[in-house]
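*Asks:* The chain contents come next:
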Amino acid sequence: MPAAGRTARGLERPPQNPARKREEERTAQTGQSRKGRRRRRIQHAVFSLGNGLDMPLFVFIMVLLAIGLVMLFSASYANSYYYEDNSYHYITRQGAFALFGIAAMLLISTFDYHRFHQLAMPIAVISIVLLLMVLLFGRVLKIKSIAPAEGVATRWLQLGPLGFQPSEVAKFALIVVFAHMISLYADKMGTFRYGVLPFVGVLGLFAALVFLENHMSGTLIILALGAILMFVGGTKPRWFVLGGALLAVLLVGYLVFGGKDDSGEGGVYQMDRIAGWLDPFGDKSGSADTWQIKQSLYAIGSGGLLGVGLGQSRQKYLYLPKPQNDFIFAIVCEELGMVGALVIMLLFALLIWRGVYISLHAKDRFGVILGLGLTFQVGLQAVLNICVVTNTIPNTGISLPFFSSGGTALLMLLGQMGILLNISRSSNVEKT
Amino acid sequence: MAKGTTEKIRRKAIALTAALVIGGFGAAAGSLFHWQILRGDEMRAEAMEQSLVTTSLPSMRGTIYDATGTKVLAQSASVWTVVLEPAYIAEDEALRRTVASGLSQILGLDEAELYEMTGEKGSYYNIIQRKVETDVRDRINQFKKEHDITSGIRLIDDYKRYYPYGTVASNILGFTGSENTGLEGLELYYDSELSGSAGRLISAKNALGTDMPFEYEQIVEAEDGHDLVLTIDETVQSILEKYLAIGIEKFQVKNGAVAVMMDVKTGGIVGLATNPNYDPNDPFAILDEKTAKAIEALPQDQQAEAEVAALQNQWRNKGVSDTYYPGSVYKMCVGSMGIEEGVITETSQFTCTGGVKLDGVKDTINCWQTVGHGTTTFREGLCNSCNPWFMHIGSLLGGEAFCRYREAFGMTDKTGIDLPGESYSIYHNFDEMRPVDLAVESFGQNFSITPIQMVTACAAVANGGYLVRPHVVDRIVDSDGNIVKTADTSYRRQVISEETSQLMADIMQQNTYSGTAKGGYVSGYRISGKTGTSEKVAQHAADPTKPMEYIASYCGFAPAEDPQYALLVFFDEPDRENNGGVYGGNAVAGPIFSAIMQEALPYLGIEVKYSEEEYGQLDMVTPSVVGMTIGEAQAKLQEDGLFFDVVGDGDDWDNKVIEQIPESGSQVPKEGFVILYTQGYDIDNALVEVPDFFGLDKVNASYLAAVSKLQVSINGVQDEGALAMLQNIEPGSKVKKGTVITLTFANNETTEAFANIAE
Chain A
1 MPAAGRTARG LERPPQNPAR KREEERTAQT GQSRKGRRRR RIQHAVFSLG
51 NGLDMPLFVF IMVLLAIGLV MLFSASYANS YYYEDNSYHY ITRQGAFALF
101 GIAAMLLIST FDYHRFHQLA MPIAVISIVL LLMVLLFGRV LKIKSIAPAE
151 GVATRWLQLG PLGFQPSEVA KFALIVVFAH MISLYADKMG TFRYGVLPFV
201 GVLGLFAALV FLENHMSGTL IILALGAILM FVGGTKPRWF VLGGALLAVL
251 LVGYLVFGGK DDSGEGGVYQ MDRIAGWLDP FGDKSGSADT WQIKQSLYAI
301 GSGGLLGVGL GQSRQKYLYL PKPQNDFIFA IVCEELGMVG ALVIMLLFAL
351 LIWRGVYISL HAKDRFGVIL GLGLTFQVGL QAVLNICVVT NTIPNTGISL
401 PFFSSGGTAL LMLLGQMGIL LNISRSSNVE KT
Chain B
433 MAKGTTEKIR RKAIALTAAL VIGGFGAAAG SLFHWQILRG DEMRAEAMEQ
483 SLVTTSLPSM RGTIYDATGT KVLAQSASVW TVVLEPAYIA EDEALRRTVA
533 SGLSQILGLD EAELYEMTGE KGSYYNIIQR KVETDVRDRI NQFKKEHDIT
583 SGIRLIDDYK RYYPYGTVAS NILGFTGSEN TGLEGLELYY DSELSGSAGR
633 LISAKNALGT DMPFEYEQIV EAEDGHDLVL TIDETVQSIL EKYLAIGIEK
683 FQVKNGAVAV MMDVKTGGIV GLATNPNYDP NDPFAILDEK TAKAIEALPQ
733 DQQAEAEVAA LQNQWRNKGV SDTYYPGSVY KMCVGSMGIE EGVITETSQF
783 TCTGGVKLDG VKDTINCWQT VGHGTTTFRE GLCNSCNPWF MHIGSLLGGE
833 AFCRYREAFG MTDKTGIDLP GESYSIYHNF DEMRPVDLAV ESFGQNFSIT
883 PIQMVTACAA VANGGYLVRP HVVDRIVDSD GNIVKTADTS YRRQVISEET
933 SQLMADIMQQ NTYSGTAKGG YVSGYRISGK TGTSEKVAQH AADPTKPMEY
983 IASYCGFAPA EDPQYALLVF FDEPDRENNG GVYGGNAVAG PIFSAIMQEA
1033 LPYLGIEVKY SEEEYGQLDM VTPSVVGMTI GEAQAKLQED GLFFDVVGDG
1083 DDWDNKVIEQ IPESGSQVPK EGFVILYTQG YDIDNALVEV PDFFGLDKVN
1133 ASYLAAVSKL QVSINGVQDE GALAMLQNIE PGSKVKKGTV ITLTFANNET
1183 TEAFANIAE
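Protein sequence lines correspond, in order, to chains A and B.
In terms of our numbering, the first sequence opens at residue 1 and continues consecutively.
In terms of our numbering, the second sequence opens at residue 433 and continues consecutively.
Just chain A, same shape as in the assembly:
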């Protein structure tokens, strides 16, 4: 920790922010330095809690987490009661993971992110091993206790008491590896050999493994994240046009011909989701995914402008399947109304803005890309989730960060936020 503090120190550095510079000059000129200095001392005390940690980001995280926990409790109440015989089933688990996650986040925020240079490859290898384990246990050996299947997808790994999605690990691994590679090839990103080939190789491997889990949303997020990081990192835009065209062809091919599981139902499955998206109250509304969308819209619609009130949702009474998971935002909309939903979207936007802001002020390329990757991961998930729940895009299984039930995922999320906070400690962001 002390070592990290030394290398990631920004305190002795002269202020780089032009606004700050102007302000200081003005202070010197006008001689109102005493009052100004006192204000700055207070600001410093508050904003640099924990030695340079970015306070706004930390606050946004904590506020979202707090709202998320409250909403999880509300949304999961009925399901907990009816299926687990205990109304507090989900909230106790999630709350425990949240406390543990906050501790982990603060701890990781003191862990110098530069060490991920060395950890990039091990993380990537572990991630690939985990993905392969899912495929091995889920697809080949079909051991349900280790790799349980959900419909046609097999994306969970249950190792003892620890249940998680290796695709989540893969997303993180991809961000770390790409940040590492982009900072390494910073000057050669414009070339095909360095700027495209290795990235496509890594991205293709991760995407393919996740795709083989039949995990559509995970695949799309990994592809999107990879593309965003490459684009920001300096890969020539023409490659994205080419890659996009290729992917579009693959996607159409998949939707029409492929995506089937062993019993040959996969293709229909994805098309059903699109049909359900286009007409949530139509013929397909009996199928599980469309049913979920329909009930989600009932919930959202019931909320109206101001909502039915916290805890007053009806749709959570077993009508909306698993309201504590991917569709928790529907219950938010029902209970808190459009106003509450917009506030939460605003909070996510602030979080993304602050994450991007911090990343762009990181003092090296690795920090920039790593921070942007982590921020965009959260941002993408939030946007896609909310768009799914509101039927803006077809249903894919994406959870809402800070809200959806899932202890391990929350723990990983908060850990990643810890890395972002660590970047903030050493970035050139105004701390006072």
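Certain hints may be false.
[Claimed, not checked] Ranges of calculated distance between the beta carbons of each label pair, as one might list FRET restraints:
#1 63(A) / 458(B): 41 to 49 Å
#2 582(B) / 162(A): 36 to 44 Å
#3 652(B) / 248(A): 57 to 65 Å
#4 83(A) / 570(B): 35 to 43 Å
#5 139(A) / 488(B): 50 to 58 Å
#6 279(A) / 455(B): 20 to 28 Å
#7 611(B) / 339(A): 45 to 53 Å
#8 133(A) / 526(B): 38 to 46 Å
#9 542(B) / 84(A): 30 to 38 Å
#10 83(A) / 724(B): 55 to 63 Å
[Unchecked claim] So, partial list: chain A residues that the calculated Cβ filter (under 10 Å) puts toward chain B:
#11 100
#12 301
#13 303
#14 349
#15 375
#16 380
#17 391
[Claimed, not checked] Simulated pairs of lysine-lysine, BS3-like, Cα-Cα distance not exceeding 27 Å:
#18 188(A) / 1068(B)
#19 144(A) / 363(A)
#20 322(A) / 553(B)
#21 553(B) / 144(A)
#22 236(A) / 1068(B)
#23 440(B) / 188(A)
#24 1168(B) / 1068(B)
#25 674(B) / 1168(B)
#26 1068(B) / 1088(B)
#27 563(B) / 553(B)
No wet-lab data here; the hints were simulated from the structure.
The C-beta atom is built at its ideal place from N, Cα and C for all residues, glycine as well.
Once you have looked at the hints, place chain B on chain A.
*Replies:* Only chain B this time, still in chain A's reference frame:
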């Protein structure tokens, strides 16, 4: 190491962030606006609808009372539906076993099946038995309590229909189905009035259908159904049914029978008995044993079909749903038309030569008396039931007037009686009516009407010419006792004048007294009657290998001087091969008519007025001698001109009389006897078997009775040639010596049979 940020990276990152946040959240916000604001109400309504569950609260079906307003003919009582909720017990193996064995014992169901049922995890509502009564409900509740079962078995309130008088008036009352909806009869016709409106309990439920913890509950109370008070009098109805059953057995009637009694002034049906009938408490059982046996004898594959046909037949109200040729009974209407239209008078003359030959018709249309009736007045013609006389009236009237009156008498319309399934009549329209049609319709053949139409027309002849509205419900009363609706007793139109009506009543009374309708004579009442023997021509034409079948009917009203009640008795196909050859209206329907009137009129409060002649033959009232010594009793009876006999120890005239037959106050024939019973008499010695008086004349009947130490009271036709047709106590039953058997006599001559015309 590369520099942190470049301007390029900054621009790209900000552009991407803006695209993600503004594009993504903007689109989502747009969706929210669409679903929450624009379509919010719609979504809310849909969500409410799927989460609100309506439970129906049954309403109590109204009671049906007879005309006295005190006798309950149909009533609902609370019962329960036993519902299994397997979802709550499916996981508990031991509980499943307990529930299965407990319920199988209480309800008598198969335990293995019940056990299987308790394992259906996804099932929340499984009706295992309907309409269990209070005792079973108590046992189930006790069982739940004993085993501490809180969920899994539910008892839901319901009602069951009871018909306390069993088969009485079944074809009028109808019955209800499992959902308490009327399926036949009044239960069907007045279903909406009787059923009331079911209440609703609207409550919020989760997707599993169990209660949600938030309170939303709205109760719409069930509204109990209205009660019906009928014009049907249970006593009269029972009299009708009793004699109808006797008639069917006596005359071997093959195709059912009807007896309808109507209040001629209001159109209220006092009794409407039809046979076959059924027990509305168990409507799906075939009541007639002969039919049931015949079905059992059928091959397996035909049984179901035959059973359905038999059930529909026994549910059918023959009085309103079947049509028949009214036959000579219709002459009362045709005679009225002639008098009213002025084409004939009481004394108009016509010569019957035994038949009429019409142009274009091959065969002569015969009178039932083929030698002819000679020259007679109209009065004589009706009393002879002379067919040519009425063809003559028909031709004098002409088709136009005939059809006008026919319509006025209600022969072309439904009567509108408040019972389901009323049939339309079948007749020739004026424009397609040939002379031969007019001729045969003039004596009631070749057009079909329902019995209820005939009795309504008869009421019009009787009551001064007014066509009434037949009905069986007098008033509808709500559950608080307020009258909701009363029957419309106004008449529809006047068909004939009061004078014509009075004249017809007088002529018809003579017909019953000395004409062809003597079978309906009732001592002490002036009955106006008309017989009818209609041929089932169409049926015969369809299968000429079988003998012609007949419908024997008798229609009339009483008392002739102030008509109150009309009665139509109608037997469909008396089996003359097996009943001694009787099939005519006078012989078959007449005695039944007479017996019914004899029993029903005093009950209905019609005063008895004996003529001198009748008074002479009148029975007398038995004095009371119980408690006297034999000697005292003998003296007392002698005073009244009665004889006596003793059962028990009759040697000592000081013995006390402990019992007498006939009992004091009951009727005993003049110069009849009273049997005195003394202390310690032998019951076997006191009982005698009632002989079969059927077909005996008065002398022989009295002799047979005397041999058996019984006495007879004479009813019906008083002529020398009259034969006993009915006895009020079944042959073979045991009665005490001295019992008075009422015999109804009738002429066994068959009149007015109509010879088939080939065209």
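*Asks:* Against this structure, judge whether each hint is valid.
*Replies:* Hint-by-hint comparison with the structure:
no.	hint	result
1	63(A) / 458(B): 41 to 49 Å	violated (22 Å)
2	582(B) / 162(A): 36 to 44 Å	holds (39 Å)
3	652(B) / 248(A): 57 to 65 Å	holds (58 Å)
4	83(A) / 570(B): 35 to 43 Å	holds (36 Å)
5	139(A) / 488(B): 50 to 58 Å	holds (52 Å)
6	279(A) / 455(B): 20 to 28 Å	holds (24 Å)
7	611(B) / 339(A): 45 to 53 Å	holds (49 Å)
8	133(A) / 526(B): 38 to 46 Å	holds (42 Å)
9	542(B) / 84(A): 30 to 38 Å	holds (36 Å)
10	83(A) / 724(B): 55 to 63 Å	holds (56 Å)
11	100	violated (30 Å)
12	301	holds (2 Å)
13	303	holds (6 Å)
14	349	holds (5 Å)
15	375	holds (8 Å)
16	380	holds (7 Å)
17	391	holds (6 Å)
18	188(A) / 1068(B)	violated (148 Å)
19	144(A) / 363(A)	violated (46 Å)
20	322(A) / 553(B)	holds (20 Å)
21	553(B) / 144(A)	holds (23 Å)
22	236(A) / 1068(B)	violated (141 Å)
23	440(B) / 188(A)	holds (15 Å)
24	1168(B) / 1068(B)	holds (22 Å)
25	674(B) / 1168(B)	holds (22 Å)
26	1068(B) / 1088(B)	holds (14 Å)
27	563(B) / 553(B)	holds (26 Å)
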